[in-house]
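Just so you know, the sequences run in chain order A and B.
All the letters of the first sequence, read from the start, carry residue numbers 1 to 420 under this note's numbering.
All the letters of the second sequence, read from the start, carry residue numbers 1 to 420 under this note's numbering.
Each hint should be verified, as a subset may be incorrect.
Which copy is meant is left open, so a pair is good if it fits within one copy or across any two.
[To be verified] Derived lysine-lysine pairs resembling DSBU-like cross-links, with alpha carbons at most 30 angstroms apart:
| # | residue 1 | residue 2 |
| --- | --- | --- |
| 1 | LYS242 | LYS207 |
| 2 | LYS322 | LYS309 |
| 3 | LYS317 | LYS239 |
| 4 | LYS322 | LYS257 |
| 5 | LYS350 | LYS206 |
| 6 | LYS187 | LYS239 |
By construction, these hints were calculated from the structure, which means they are not laboratory data.
Spelled out from the first residue to the last, the chains are:
Number of protein chains: 2
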Amino acid sequence: MKNRLKEDIVASGRFGREPERRVDAFDILDPENGVTRPTGTEANAKVRAYAMEKMEEAGLDVRMDAVGNIFGRKKGSDPGVGAVMCGSHLDSVVNGGQLDGALGVFSAIEAVRRLNDEGYTNRRPIEVAVFTGEEGSAFGMTLLGSTALVGKMSYEDALARKNPEGRMLKEVLENSGYAGEFVMDLKNVEYFVELHIEQGPVLYNKKMPIGIVENIAGITWVYATIRGEGNHAGTTPMKMRKDALVAAAEIILFVEKRANEMVDKLGSATVGTVGKLTVFPNGTNIVPGRVELGIDIRDVVPAHMESLKGEVSEALKALEEKYGVSVDVSVPPFHSPEPLSPEVVDIIEKSAAQTGVRTMRMNSGAGHDSQNIASRVKTGMIFVPSVGGISHAPMEWTEWEDIETGAKVLTQTLRNLAGS
Amino acid sequence: MKNRLKEDIVASGRFGREPERRVDAFDILDPENGVTRPTGTEANAKVRAYAMEKMEEAGLDVRMDAVGNIFGRKKGSDPGVGAVMCGSHLDSVVNGGQLDGALGVFSAIEAVRRLNDEGYTNRRPIEVAVFTGEEGSAFGMTLLGSTALVGKMSYEDALARKNPEGRMLKEVLENSGYAGEFVMDLKNVEYFVELHIEQGPVLYNKKMPIGIVENIAGITWVYATIRGEGNHAGTTPMKMRKDALVAAAEIILFVEKRANEMVDKLGSATVGTVGKLTVFPNGTNIVPGRVELGIDIRDVVPAHMESLKGEVSEALKALEEKYGVSVDVSVPPFHSPEPLSPEVVDIIEKSAAQTGVRTMRMNSGAGHDSQNIASRVKTGMIFVPSVGGISHAPMEWTEWEDIETGAKVLTQTLRNLAGS
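The shape of chain A in the complex, shown without the other chains (with noise of 0.2 angstroms):
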């Protein structure tokens, strides 16, 4: 049988490719060649044409709203109750991987087809669902369309925002051809359920096919500027300095290690990094007169989020004490932990057993348009295993089986909760 799913992805794996000649993608996984279609680009745009034809051929009544979501309707038998969106993105970081959205966007489109050739009756209306700029790799914020959509930010303030080359999304959608007019009633909606890979290494090291997600963890960044002296390396008494990346490395243990006791002693979802450190001026034969941090602070419980950020700032602050260093921090706007829908949660867990498909329960560590969707519509996720827990870099992959397995749930998924 022609494996439709697999087509799909293969093919919307070329767009934002180079080169794009190479046919199947997933056969030469190459750690140098990702995808690349930030929203405005003209690879994002070739994959959002290539989802809505398949879309149409799927039946679907396709339509955008004014930031460029995407909505594709399979009509319901009941003309009187909320509809079932299901759905994902298709842009990516730079460089990313081929599966981070697009997956969840052509599984839905899949399961469709599967309702479709089954003749199978929906009560509800379903909706397939593209949300605009998921990653932030354009326009300066993650999750934009679904931002918009559920009205935390305005559809102008959206359209206003600017890429890095200083063109508007309003601009940009235009010029492409992908700005709409149509608008989505959330009212309207009675389930959300969004496909995704975990992007971590948890499923893949416990060989466990379906993960189901009960909550969305917070994200809360701290930036950190810790100013010493810059000094010369060799003619500066150790009794006589103040080095910046010896009182930030005092930092980075504090965040790994009181990350780990919250994990040990609350059994908390609690990760805590420095990712980003950079020393001026950097020589070898200097003593290190600035320093800048950003600390990424994650949980899905917001009193233990708010308590490791508390800490981290504080300790962030004692080190001018003992360093004699100045430290600047900045907390910028943060995204609060969001808890999933029970009972989306159940009957996908109810479908993954009508399946005959293992799951487990757990949290995602990666922002999603789910979440923002949760905040007005009972929402669940299903997670298949990302080899290696890679995500956002070009090996990003899950084997084929476990795609399948992912798809089967999704539909029956679907039908569980658009009704026979």
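Could you slot chain B onto chain A? The hints should help.
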């Protein structure tokens, strides 16, 4: 009275500085506007020409050797005794200060002028010396000219070294007319003395006008690459990480702690610095996959330096088991600590006392041509205070009063060394 030394320093401070129109560089120290005259640059050729003119005006017989070291000879009264050499260098780091090196050259010329003025008859010949390429900012190694002079490297190898544009030192010297044929035989040199700015904060903090150097610290660099696993900061649980930056943080604190302990317990002059640290890929939301470190270790006691270098290398390798990372360590060729001549130290101390100037004995944490010359000739160094300990930066500065004190002590030292 006309201040010839001040005139020379102000005039030479214009070469390699933008804009050159500035008349009195000292009155307009500018943090953005330093001196840039690596070997082979037009600015370097200009400052050499200026110094040679002043040497000739002072009656010196000026010659150049194959690598461009300049020597200006004032004949002595006794043809059978070794010379007293005195000087420093005229090249600079990029955007450095105007005193590093230049002060030693122009103070030596001024000392000869003062001896001439008073009709002083020196028994030993005096050789004012300007060494090529001390800073290593053009030809990839420090102390280039003095290394060739003392025979640690052949003149041929020195001349074959290339600058970042791929041009050999030989070509650069020939094009600027600074390739000579004179051969300085160090067997005919009895003493060497170099006046230099301290480049550190010790004299300035202690308000001490003169430092007499007993040892020049050895320098060893340890380069390390720590490879962990670059992963998503949100989706990678704390217990599944191999964070290269956490491992690096432990080394930063180890170097700082052990160097301090050696100072405290051994009273040593040990310094240990992680001056360079680069994180890959360096994104706030990515667990660092790789960190590259540059570590600088210095001491005047060879055993101390070796001991700390060994401990740091072991600590780096121990990260492999503790953090599951891999660590590559490399140690490029290093400079051994060099003791200076106790006889010359005593003579400088006596000379300062005769001049009515307070002094302290100290070590040099920075490298100097003196450490090369000391391997062949009885050598001493005189330090003057660096304001705020600043060097290798545009704000490098020594008060005029301290410069004059240094010149007086140097002149008296030459009287004592060259005999009456």
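Going down the list of hints, with the structure as the test:
no.	hint	result
1	LYS242 x LYS207	between (49 angstroms within a copy, 21 angstroms between copies)
2	LYS322 x LYS309	both (20 angstroms within a copy, 27 angstroms between copies)
3	LYS317 x LYS239	both (21 angstroms within a copy, 28 angstroms between copies)
4	LYS322 x LYS257	both (19 angstroms within a copy, 14 angstroms between copies)
5	LYS350 x LYS206	within (21 angstroms within a copy, 78 angstroms between copies)
6	LYS187 x LYS239	neither (66 angstroms within a copy, 42 angstroms between copies)
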